[in-house]
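Generate the whole structure from the sequences, applying the supplied hints.
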Amino acid sequence: MAKAAKTNTEDYLRMYTQMVRIRAFEDNANQLYLSAKMPGLTHMSSGQEAVAVGICEALTPEDKITSTHRGHGHCVAKGAEFKAMFCELLGKEEGYCRGKGGSMHIADQSNGNLGANAIVGGSMGIATGAALSAKMQKTGAVAVCFFGDGATAQGLWYEVMNMAALWGLPVIYACENNGYSEYTRTDEIAAGSITARAEAFGIESYDLDGQDVLAVNDLTQKLVERCRKGEGPFFMNLKTYRYHGHHVGDINREYYRAKDEESEWKTTRDPITNFGKWLEGEKIATTDELIEINNSVRKEAEEAVAYALEAKYPDVSEVDMHVYVA
Amino acid sequence: MAKAAKTNTEDYLRMYTQMVRIRAFEDNANQLYLSAKMPGLTHMSSGQEAVAVGICEALTPEDKITSTHRGHGHCVAKGAEFKAMFCELLGKEEGYCRGKGGSMHIADQSNGNLGANAIVGGSMGIATGAALSAKMQKTGAVAVCFFGDGATAQGLWYEVMNMAALWGLPVIYACENNGYSEYTRTDEIAAGSITARAEAFGIESYDLDGQDVLAVNDLTQKLVERCRKGEGPFFMNLKTYRYHGHHVGDINREYYRAKDEESEWKTTRDPITNFGKWLEGEKIATTDELIEINNSVRKEAEEAVAYALEAKYPDVSEVDMHVYVA
Amino acid sequence: MREITLSKAVNEAIAEEMRRDPTVFLMGEDVAEAGTPFKVLAGLVEEFGTERVIDTPISEPGFVGLAVGAAMTGTRPIVDLMFGDFIFLVMDQLCNQAAKTHYMSGGKLSVPMVLRTNMGATRRSAAQHSQSLHALVAHIPGLKVAMPSSAYEAKGLMKTAIRDNNPVVIFEDKLMYQDKAPVPEEEYLIPFGVANVKREGTDITLIGTSSMVQVAEAAADILASEGISAEVIDPRTIVPLDEETLIKSVKKTSRAIVIDEGHQSYGVTGEIAARLNEKAFYHLDAPVVRMGAMDVPVPFSPALEDITVPTPEGVAAMARKLCSGEMIHAA
Amino acid sequence: MREITLSKAVNEAIAEEMRRDPTVFLMGEDVAEAGTPFKVLAGLVEEFGTERVIDTPISEPGFVGLAVGAAMTGTRPIVDLMFGDFIFLVMDQLCNQAAKTHYMSGGKLSVPMVLRTNMGATRRSAAQHSQSLHALVAHIPGLKVAMPSSAYEAKGLMKTAIRDNNPVVIFEDKLMYQDKAPVPEEEYLIPFGVANVKREGTDITLIGTSSMVQVAEAAADILASEGISAEVIDPRTIVPLDEETLIKSVKKTSRAIVIDEGHQSYGVTGEIAARLNEKAFYHLDAPVVRMGAMDVPVPFSPALEDITVPTPEGVAAMARKLCSGEMIHAA
Ligand SMILES: Cc1ncc(C[n+]2csc(CCOP(=O)(O)OP(=O)(O)O)c2C)c(N)n1
Ligand SMILES: Cc1ncc(C[n+]2csc(CCOP(=O)(O)OP(=O)(O)O)c2C)c(N)n1
Ligand SMILES: [Mg+2]
Ligand SMILES: [Mg+2]
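Which chain is which? The protein sequence lines are A, B, C and D, in order.
Mapped onto my numbering, the consecutive letters of the first sequence carry residue numbers 775 to 1100.
Mapped onto my numbering, the consecutive letters of the second sequence carry residue numbers 775 to 1100.
Mapped onto my numbering, the consecutive letters of the third sequence carry residue numbers 9 to 339.
Mapped onto my numbering, the consecutive letters of the fourth sequence carry residue numbers 9 to 339.
Read the hints as simulated data drawn from the structure, not as lab findings.
Treat the hints loosely; a few may be bogus.
Negatives, chain D to chain C, calculated, CB over 10 Å [unchecked claim]:
(1) D100
(2) N104
(3) K108
(4) T130
(5) P190
(6) D229
(7) K256
(8) R283
(9) P310
(10) R328
To give a feel for the contact side, a few chain D residues facing chain B, derived at Cβ under 10 Å [stated by the list, open to error]:
(11) D63
(12) T64
(13) E68
(14) R132
(15) S133
(16) Q136
(17) D303
(18) V304
These numbers were taken from a predicted model, which means no experiment stands behind them.
Ideal placement from N, C-alpha and C gives every residue a C-beta, glycine not left out.
Take a look at the structure:
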């Protein structure tokens, strides 16, 4: 576990709590799907919590992120509340997007989340544009663009990296490299080196362990600081793993991913377990305190689910609202 | 001047002649524009002849090329005749595309030219697809994808390089790096290193002098051979220069390109002059023989222009022919 | 006759054509081992190998571009585009390249490729995974556009598409993959540009595309029980469009509704309605009415999504109005 | 009133808005020193500097994506897309992202951006540089679409577009850049969704978009000399569409022709004709006739290109037929 730049107990515990909150959110989302209470499908980010939390904890609410189809973790980490998130997941009026977006467009916009995106790579331009406007308006804000390893196959990335590099934009491209693109190992569909691709545009790039929340947070803090000084853009290739299938319905997946591999990651590289152990080892928290965090988060999540299940759908009159800004 | 793999007199003289033919074609095209006899605009490739000829002379008619908006040179180099080319330029029925394509879509398809393209970068997929089908059908054919330095900003290139590299396709990406994208120096709109971008996909890449027809031909022959053996793809970054404006109408261009720079290239790095000198120095041809080549090519071009000017337009009934293959 | 799912029908069509013609191949994301997320292509890689069933990176413009080039040089690619919404990503390769190559080359080059993709809302997939974008493609000369309305059409049209020497885009309704229909064991092809009169009637013509054919049929059932006789027609391909059959029907019934799941404005219903109005004008007793999807991005919430698309009840209600002359004062 | 070119009108509109609002900026290929290949933006970089007039690489999807993100975060980008044909390259960013962001976010985010591009054939630029693709964009809810028909509209619509809080696409006819029209010195805006009755008439309504307004006016001149009184209407924006004005006119004249330079099939003429037929049906003495561009890729050869687009003579001939009742037997 690397040393973190966030150095006080409060920061550590918040990072731990946020990771637990993501895990709890996803577990409940999965349950909603399995019990046929959720409309459609959803992509869970369990296993990838350290990336979302390590990065978002280095940002202010004024900093922007763009998220992906696997976006619940980013949304939680950027400061969203469970109730409005579960309402969104269930298509309820009190959802962050009034039920119009659902899982694939979920975002607490007020906290600088510019949205999850159902087009793989689709938000790369948006994040870069947010950085451009931050630079133009001299707001000092930074934009972080989350995307998966599979998304590096989208030409858009190369186009926007070129502009970001040319214009020194305050954007950090954060590749959540979980090794898979749907049902395919990404190394079967990615030639050469992803990191070298960013470097070829003159972008300073880092390969790092995405399961180590402190390492992620530490590097992000440094890069955010440098972005604010006009030294951006940057690229981070974060090695991580998704515990579930590509989406909730992807249950029998041994044809593309071995059970052994999954359990190896879960048992030895779990970001929450490992960070919990570190917190205990460093005497920052006791086992009981961590259990208490877990329990209270679980309780909060269950209450939010119960609330969302009862919440009302948007009125049908909303169907043609928000097509245009009035 | 590098040593060439095409080693007999005939080959040398054909390369010289083909370069002269391109120059003559362009000069006549320019005249047609200036005398208001040509519909629309056209982009001339004068100055870039060694790239087109050095590469195409290493190919067979079964090998494919894709070309660009600046495509006359590729078309000539791949074996096209003046008459059908000028007819196309003037929108006449006897043109290679029956007048439907014009300058930006000109191609002698029977010689493996899959077409000029008016979408910058638009043919990168086509060339790569031609290589895929060559590999699938085991034809042994190679595809060369010509494009400009400005086109490297198109995301499509990265997408197709990835697939070409993954699948070992027999395709050579040939960047005609003339330093400009329309009215902008390309280094103002290209970050990092273009060659490194290809290398990042694991593609073997070369920077070379595009004014040296022997160097170009030599390398291309080797790469074509290796492509046929399944060792592709490759990338060539060929430094070259366009003598004219971006298109025939781009006359006053000092705001983006200095006259000095232009005359420096023309006087010291002209591919035809320099190769002519080498041929004389090596006693492969005398001054008179070279003059004779120039004269006869000029005559051929003028006759073709005269022919094309008199040739007839397609009948109006052709307007809705060729929308669909019957 | 045996009944098979639309999914199986597509699979059979492709397998049969791949057996018949070694130049036919498949490419797209997760088409091989996974057989696509909808499992439509399951089993093909086992029979034809990874050389002819090619998993691509997530590079839609790129692999459509490859298909165009491959099609120009002796092969017949079938490209799988996982969601119809991604067609926006490939419009340049499809519309600037594939559609125009034959014409721009004066007939010298051709692009015999198939792009198979899907359409259809109410799957709770929100605005970027629910669109029905066939109208965009139909607007571009050089492309053909097929819209199968059942397993039977899905098989017959796919086989025709694969043998066609032009770029063809097939939109399958993703909600119909598990729907079964009678499909002969014997080989058959469905020619392009030939509409199918699914049901004869005398009072009103209901023209539906893709799953809207089912909606039209269900509406016709409702109407029949009320004594209104509706003719239901499925154009099957919207490019080429079998205008003749549609006009003949409307001349007979004097009334028509056009139903399509694309957005209503600037879409398919406008085109068909305009042609009917123009060419059967003096036979019409009422304006041709259009029922497309609402002009809103597809909302996620089930409460909203369900009301964005035409329903049998809605169509029946409109037909009733038309037949009772209620529209006279409206227009 | 002074007369200025359409090119100058666009330039003025943008300059005025950039002066008024510091969040407005421009980006695109060769927009700065070169002022675009059509020189429309000449002089702006000198006044506003390279920070607000930004030359981009040849990365259309990329810079449109940047504009979407910039628009979501406090600025108002104007994106210059050099040729309308390149819109195929940016469809995903425009239609999956810009158009849907406000809706998908439940109204929380918005994308106040302008995409200015062009349209129009007969410039001998062949199939990939001559298309009029506005119908594609008009089909997608969330986008507004303006089509100026003269310098006057070009200025007034551009200013409105820049102040609009939604993504707006403006299609300028590239053949009209040098056309002059009276344009007031004083500031004015032209509201969206308000059609302009360019000329009143009683016998037939000619509805034209962009340069087809001039075609309609020229046709009206021809017709006037023959005693046929044509009303000419310019919708100015096709989304939103001022249906009311169009319908009112057609109810008066009982006949209409819709003229547009996009391909006829599945395009703008179908939509407008269908709405008129539906909503003015009982007032029509003849079918609404559509005159779009031919359904062929635009050919290079002048001999072919010129016949692909509607002409004043063609429109006048069709109007004559409609007014003489000749269409009765056709339909
Ligand atoms: C443009 C586009 N193509 C394909 C898809 C279908 N799809 C959804 S997620 C996914 C895999 C993405 O892989 P990666 O970027 O690594 O993200 P991960 O799912 O691993 O988090 C694909 C192909 C899509 N949503 N958008
Ligand atoms: C997709 C696209 N964007 C923009 C253009 C306009 N355009 C034509 S040529 C050109 C510059 C191309 O530069 P480069 O690739 O270096 O080729 P060169 O002209 O130097 O040969 C541009 C921007 C186009 N034709 N297609
Ligand atoms: Mg992944
Ligand atoms: Mg160049």
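How the hints compare with the structure:
1. Some Cβ of chain C comes within 10 Å of the Cβ of D100 of chain D; the nearest lies about 4 Å off, and the non-interface call is violated.
2. With a least CB separation of 5 Å from chain C, N104 of chain D falls inside the 10 Å interface cut-off, contrary to its annotation.
3. The claim that K108 of chain D lies off the interface is violated: its Cβ sits roughly 4 Å from the closest Cβ of chain C, which falls inside the 10 Å cut-off.
4. In this structure T130 of chain D is separated from chain C by more than 10 Å, as the shortest Cβ-Cβ distance comes to about 17 Å.
5. Non-interface call for P190 of chain D relative to chain C: holds, since the shortest CB-CB distance, roughly 32 Å, exceeds 10 Å.
6. Separation of D229 of chain D from chain C is adequate, the least Cβ-Cβ distance of about 26 Å exceeding the 10 Å criterion.
7. No beta-carbon of chain C comes within 10 Å of the beta-carbon of K256 of chain D; the shortest separation is about 13 Å.
8. Distance check on R283 of chain D: its Cβ comes as close as 8 Å (rounded) to a Cβ of chain C, failing to clear the 10 Å threshold; non-interface status is violated.
9. Residue-level check passed: P310 of chain D sits 15 Å from the nearest beta carbon of chain C, beyond 10 Å.
10. With a cut of 10 Å on Cβ distances, R328 of chain D stays outside the contact zone with chain C, its closest approach being about 17 Å.
11. A hinted interface residue such as D63 of chain D counts as satisfied when its beta carbon comes closer than 10 Å to some beta carbon of chain B; here the least separation is about 6 Å, so the hint holds.
12. Evaluation of the T64 of chain D hint against chain B yields a held restraint, the C-beta minimum of about 7 Å falling below 10 Å.
13. Of the supplied interface hints, the one on E68 of chain D holds, with its beta-carbon coming within about 8 Å of a beta-carbon of chain B, less than 10 Å.
14. Interface restraint check: R132 of chain D against chain B, minimum CB-CB distance 3 Å, threshold 10 Å, status holds.
15. Restraint check, S133 of chain D versus chain B: the minimum CB separation of about 6 Å is within 10 Å; hint holds.
16. A hinted interface residue such as Q136 of chain D counts as satisfied when its beta carbon comes closer than 10 Å to some beta carbon of chain B; here the least separation is about 4 Å, so the hint holds.
17. Restraint check, D303 of chain D versus chain B: the minimum CB separation of about 7 Å is within 10 Å; hint holds.
18. Interface restraint check for V304 of chain D: the shortest CB-CB distance to chain B comes to about 5 Å, inside 10 Å, so the restraint holds.
Consistency note: the structure conflicts with the earlier hints numbered 1, 2, 3, 8.
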